[in-house]
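Please model the complete structure; the sequences and the hints are all you need to start from.
Same order as they appear, the protein sequences are chains U and S. Under our numbering, read the first sequence as residues 1 to 111, first letter to last. Under our numbering, read the second sequence as residues 1 to 112, first letter to last.
Honestly, I wouldn't trust all of these hints.
To be verified - Heads up, simulated SDA-like pairs for lysine to any residue below, C-alpha to C-alpha not over 20 Å straight-line:
# : chain 1 : residue 1 : chain 2 : residue 2
1 : U       : LYS70     : U       : THR20
2 : U       : LYS56     : S       : THR100
3 : U       : LYS56     : S       : GLU99
4 : S       : LYS30     : U       : THR20
5 : S       : LYS52     : U       : GLN98
6 : U       : LYS56     : U       : SER39
7 : S       : LYS30     : U       : GLN98
Hints were generated in silico from the structure; no laboratory data involved.
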Amino acid sequence: SQQGEEDPQALSIQEGENATMNCSYKTSINNLQWYRQNSGRGLVHLILIRSNEREKHSGRLRVTLDTSKKSSSLLITASRAADTASYFCATEKGTGNQFYFGTGTSLTVIP
Amino acid sequence: DAGVTQSPTHLIKTRGQHVTLRCSPISGHKSVSWYQQVLGQGPQFIFQYYEKEERGRGNFPDRFSARQFPNYSSELNVNALLLGDSALYLCASSLPGQETQYFGPGTRLLVL
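Structure, rendered in structure tokens:
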């Protein structure tokens, strides 16, 4: 079963608007990562936030983590048509690279 | 440097057959993980190998097996294919101690 759940499942916005997607997970984590996937191909790593961090920024991306609520959010500011993709959160458990992905949010940015 | 490569890109099999999928990690990466992604869902963890040893296994039946070779490339084998095995199979590699995984483009398997 999936470790995490993303919300919403689908999101459609106009170019220039901000996009926010949320992720909830079930158990304690070492870190949480966000990945992007275009058209059912390989995933691309976007950003990692560790369990002792609350917020992190990378370019137009802002990630928050609330371990008490077991949730994270990804904010994409000033969205572009090229941001159209599926976005997944992934949590890492244990000592190896064993990632558990959520169900994903499908983002469509309309030019 | 080349990224993670996977072969073949597409594959069509019939029920009961077996399949072997191949993955070459980024040069210097010793950890390889395999994931199954059914259409419309997120990737599900199948296996992780590090230094040719299995370090983790997801909730998949024994029909799924894998191995890692001395050059750190890896194979995923699936026996007695079922229709439900139709999916995108993703391979990811990482450096020792690095938390970020780098994914290949995947192999799309269709079981008829």
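Any of the earlier hints contradicted here, and which numbers? 4 and 6
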